[in-house]
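> Listed below, chain by chain, are the residues.
Number of protein chains: 4
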Amino acid sequence: MTTHAGVTERGRDIAARVERFVRDVIVPYEKDKRRDSHGPTDAMVQEMRGLAREAGLLTPHILPDGGHLSHRDTAIILRASGLSPLGPLAVNTAAPDEGNMFLLGRVASAEQKARFLAPMIAGTARSAFFMTEPSDENGAGSDPSMMLTTAKPDGNHWVVNGRKTFITGAQGAKVGIIMAKSDEGATMFLVDLPMEGIRIERVLDTIDSSMPGGHSVIALENVRIPADQMLGNAGEGFRYAQVRLAPARLTHCMRWLGAATRCQEIASDYAVRRRAFGKALIDHEGVGFMLAENMIDLQQSALIIDWCADALDRGEAGTVESSMAKVAVSEALFRVTDRCVQVMGGTGVSRDTIVEQIFREVRAFRIYDGPTEVHKWSLARKIKRDRTPRDPH
Amino acid sequence: MTTHAGVTERGRDIAARVERFVRDVIVPYEKDKRRDSHGPTDAMVQEMRGLAREAGLLTPHILPDGGHLSHRDTAIILRASGLSPLGPLAVNTAAPDEGNMFLLGRVASAEQKARFLAPMIAGTARSAFFMTEPSDENGAGSDPSMMLTTAKPDGNHWVVNGRKTFITGAQGAKVGIIMAKSDEGATMFLVDLPMEGIRIERVLDTIDSSMPGGHSVIALENVRIPADQMLGNAGEGFRYAQVRLAPARLTHCMRWLGAATRCQEIASDYAVRRRAFGKALIDHEGVGFMLAENMIDLQQSALIIDWCADALDRGEAGTVESSMAKVAVSEALFRVTDRCVQVMGGTGVSRDTIVEQIFREVRAFRIYDGPTEVHKWSLARKIKRDRTPRDPH
Amino acid sequence: MTTHAGVTERGRDIAARVERFVRDVIVPYEKDKRRDSHGPTDAMVQEMRGLAREAGLLTPHILPDGGHLSHRDTAIILRASGLSPLGPLAVNTAAPDEGNMFLLGRVASAEQKARFLAPMIAGTARSAFFMTEPSDENGAGSDPSMMLTTAKPDGNHWVVNGRKTFITGAQGAKVGIIMAKSDEGATMFLVDLPMEGIRIERVLDTIDSSMPGGHSVIALENVRIPADQMLGNAGEGFRYAQVRLAPARLTHCMRWLGAATRCQEIASDYAVRRRAFGKALIDHEGVGFMLAENMIDLQQSALIIDWCADALDRGEAGTVESSMAKVAVSEALFRVTDRCVQVMGGTGVSRDTIVEQIFREVRAFRIYDGPTEVHKWSLARKIKRDRTPRDPH
Amino acid sequence: MTTHAGVTERGRDIAARVERFVRDVIVPYEKDKRRDSHGPTDAMVQEMRGLAREAGLLTPHILPDGGHLSHRDTAIILRASGLSPLGPLAVNTAAPDEGNMFLLGRVASAEQKARFLAPMIAGTARSAFFMTEPSDENGAGSDPSMMLTTAKPDGNHWVVNGRKTFITGAQGAKVGIIMAKSDEGATMFLVDLPMEGIRIERVLDTIDSSMPGGHSVIALENVRIPADQMLGNAGEGFRYAQVRLAPARLTHCMRWLGAATRCQEIASDYAVRRRAFGKALIDHEGVGFMLAENMIDLQQSALIIDWCADALDRGEAGTVESSMAKVAVSEALFRVTDRCVQVMGGTGVSRDTIVEQIFREVRAFRIYDGPTEVHKWSLARKIKRDRTPRDPH
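Protein chains in written order, with the UniProt record's numbering: chain A, 1 to 393; chain B, 1 to 393; chain C, 1 to 393; chain D, 1 to 393.
One chain only, chain A, in its complex shape:
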């Protein structure tokens, strides 16, 4: 029911085709057994991508010339891809690859694009973004300025040492983007994976299960990286991270909005079909009201995504907008999926439908990419700045 002012005809067409493809071709894969606790196997992903490629829908938000569709167009396409948790993997709009492709598209050199970005766009290479560090007792975790990983020059190479955690998709990735601190400041490097010195200490077991490779703790031990694999310039790592930050945060919202929309469809159909105490479930206000609240939450999620996408399309940083969207959407979708589980009772907590998985995914989403509380904290600081009286001169 969302309005699509700002959306192009082309975007709308791609989104419609992605939606049809996900519903008809990918949803049946949800019953496919080829998966571990982190997600489908790479073989299954490649099989689905083959179908997407045939359908002309692989990496649908990136143009043949490497340009990206607008954020507004991307919003409806990624939302359509998210109707199944497998959809983004199938059409290559999944995290962290989508954000990594966006970053490389903006910052990488032509040579780097050919070597690292091209196979990602072609859907043959997965990637990982090595930024978050273990918070341990001194709290580096969510505070990027406290980064401990170092990059030291050594002839025509850089030598990187440190530890990273919660690195999504590292297991099985072919491309890595590593953030480290050189004398010039935060600096990013591109590497082929696997690579000597990059050791997966362990893959975390987590509540979510839609990201192949899971989330790893990584040791970086004397990783020797040729100088021409530096991404952009030394000392600009934080600036590049910002380039990736708001759009990647927002694409999470887009995909999970699709998934929660699917839950609402499943729960609504269930409530229309099943009867209890003499009438259809949906005719019980206790059930109908939950679905009505979902309808509103879903619509409002779509609206704030579009609003933030508009800001990005106008060239704004979107930091505040994407914080607002992240909090609003992740919390709303958690309410939505929680209500869907509840509406469906015993079926809701079983894997007979995809609702149970999406509920778990969205629980994690409230933490991934900055927990709700960190965003509220930064919004409060924004309010303080805006309302603090200025010096009169």
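If you're looking for bench data, these hints aren't it; they were derived computationally from the structure.
Keep in mind that the hints are not guaranteed to be accurate.
Chain copies aren't distinguished; within one or between two, either way the pair holds.
To be verified - Calculated lysine to any residue pairs in the SDA-like style (CA-CA distance at most 20 Å, straight line):
hint: 1; residue 1: 33; residue 2: 205
hint: 2; residue 1: 33; residue 2: 207
hint: 3; residue 1: 384; residue 2: 277
hint: 4; residue 1: 384; residue 2: 269
Assemble the complex: chain A is given as a structure, and chains B, C and D must be docked to it using the hints.
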């Protein structure tokens, strides 16, 4: 921070001027003592309207030719007027007049417009809409099909009998629109007020205090109305009510969004200025998070209003959209004003600022124009219709 | 439905009689017009107290010898008195007198009791507790250690200077307890009111309206107090404030639990009697569920009050328990009264029933006696103390 | 911090020993790999039970003579056992065995007790309760009166046919209690498992993973049961189900309260130890407030469990009380575990601690044993009965 795609330059200009006028000229009237428990006296209203007239801002959303600005333009203008609870009264965008003017602009004859609508647009006549009936034990209240008020033809007149309740502004109004049931069905009539046979049984004492005349219980006892004062055609009353319904519901949201925005400004300033336990209130996350949640709630309210206004501007009925907007906005603004009260502590529950009044107004708003639960009920029915499998042929 | 283990037969009997008295005799006074915006006039209070005295129910929780019933017994008696907002005033269990009587009973000398406490117990004198100071920009407000009011010895007198705010019932009170800072530390004094040097700057207009005299801002200007009117010892003011603190906080919970219980009765009766869309309101799950949630919230409020009262009866300070009870009960009762308003629709926001007033009172209760956030803050500190590893030796 | 009036010295002692046993001996088993998606293997359960037996803590709430401790004593013992999801399995207080033992203790004949109950108490036999039926499209599910499973006499046997769903622990159970409809009405039977004609169609994959055997869909196909295996009398099945109902519902609350308490300990320790943005996590109000809210929710859960246990100990049916407790506790514990996850960020959604599992278990608990909405519905009906005016004669 709202985007204004769909808003015209003219609308934006009027809104900016209304905002300036309300902030500079009307806010000081908030301390004016000329008011009873229902709102400012008519004298005070006329004084404020005189100033609005001088500023060229009286009835700013209606063009000289009687046409209305778009709903999107109206949204930002009415929101600006709502920055003070006195603002809509001052610039003549208040309920129920605003909705009544909209209705007459659509349905009244030229003669009726000259006689009844013109003084309303000129800000010299208040009006009342006689529709809701006492629910008593048989439940007519929110169920319009159970209307008991009758209109019987008698020569060149209609004779109306019945009872109405919660008639906002009846006390002191000069124009009345009465809904009654004739043999042809629901039918509307225009009357001058006061009028023989229309008796105010009592004015309710209510939690809100921004509507001059308050909300009355009314007896209609052999009210004789000349036939040419029928509004439109006999039997079309419900259709006309629908014309008024969604837009009037939405303008409530617009005005109260302005009021809640004002609360957020006051509470933010308070939190920036006051200190507790060694730091500014806003630096306490317990306070800062509440203001951050408000920031999101206010933005989402603006977005869903705009979205519904877009639907109305496209000529859609907007029934579903305005139900969604009414629930989302009224509940969000209640949270917002409640948090503002809480942030300000003892000051929040005192009348030292306007926050206390706006909190009470918004509490009533969750019930006026259809309580949240009635809207959820109708949204659940919409979901049921949409998801019930169609007969295949 | 609360269990009353720990409650005595006598307590139960008094509570039953208070309940009968409030329901039969005091509830009709709710329609009495003798009141201003802060509460009933003193004449009306005296009239009700005369009836309570005749019924043997004046100050029912204090024994003829000045002793107090247990906190558990007090809980059910004060709850019964609170079934009407007028009840505590009628039977003399209202704030701040109840807490002040408790304090004087514990700390005052025999002479002081005869002079100051006796008329309070007899219901002929109201009292005020001058502790809170204006928070202004330096934040003294909720932080008692930052008290600025001073007491300086001058011969056989003390001279007190300072400012106090939110002093409930000061207007019209005959007894005052003043907290000030002497060289020895925080010190309390008893005074007759009105008194030279104690000037009511203004009485705040607030959302609540059940406390005669309202809440005042007070200037203390060279108030000369004879030395024998010091309460207890110099420097022990904070200790005495602690004596009063937890019990007074809890009696607020008791009274408002009674009031919210009354709301639930009124809303339930309304929902049983009224019909909408073809059935009784209560048969709509949207309504019935709200009343069911209230039933649970009310029961849990009773339980946590009893639990805290038990701790106090065992002689514990009850600081943590009363903070937990204050947060849980005030927030729960706000939800309860808010739902009652909502269930009753237009009637809920009108003064046709007492629900509207109680809703406003409970809104203020979430702030009075320490806002929710201050209690959560102190509970978090308690958790930190409890879970911080101890030094091993 | 709960008070234990009503709790005996013996109960307190057992609870303390169970707590020590679970913390010291069972918690380390949480890292044991011997488990499938439904819970630990039977071998692992037997190993833990061996340790409990040695410690004299197996089936600690049932006396050697078969009598049960009071519900109040049971409350603190089962809560202690629940501190690990493995605890109830280890000490034999887990569902559904605990409720089944309670039922057999009340209703079974001496012979039946020796044959079916004794091995359950000895911890060598698991059991299953075959009551819930598939709701399908005609809605039998949560509405026991619509039971479709039939029992027909055939000589000295009964022949049972039907389908059951969500039968916890059926896979691997040795004792079954089957509910069916005979001409006399609902009737229960005891059977050894596995048994001819009782076929596990499939074991559901569900979000929870603490119940060995999981939850099964079962076909009952001409199950021939000797007449002396009828439990109690024909036609009394619903009455027996009521005997089991409220206590079993409440023991769920007890166990999960223990588990959520454990989460709070883990999250508090995490928040005390970890630092972010320059201070301990718990010193951030955004974190500290969540833990404070948990503290209150946990206390209130304990109180309402004790209150309901009191009612059961007084011999009341406890239907209303246990519905209230089920709603209050399951919803509160979900909030508690959700906040713990959030406080712990990435660690919260990982299996590095038990918090992630308990969060999932409690999600299911909001549905198992009657979803929240069904209980609210029955509470609303109770309110209606209580407040409907009686016929005067």
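> Broken hints, numbered, in rising order?
Going through the list in order, the structure violates no hint and respects every one.
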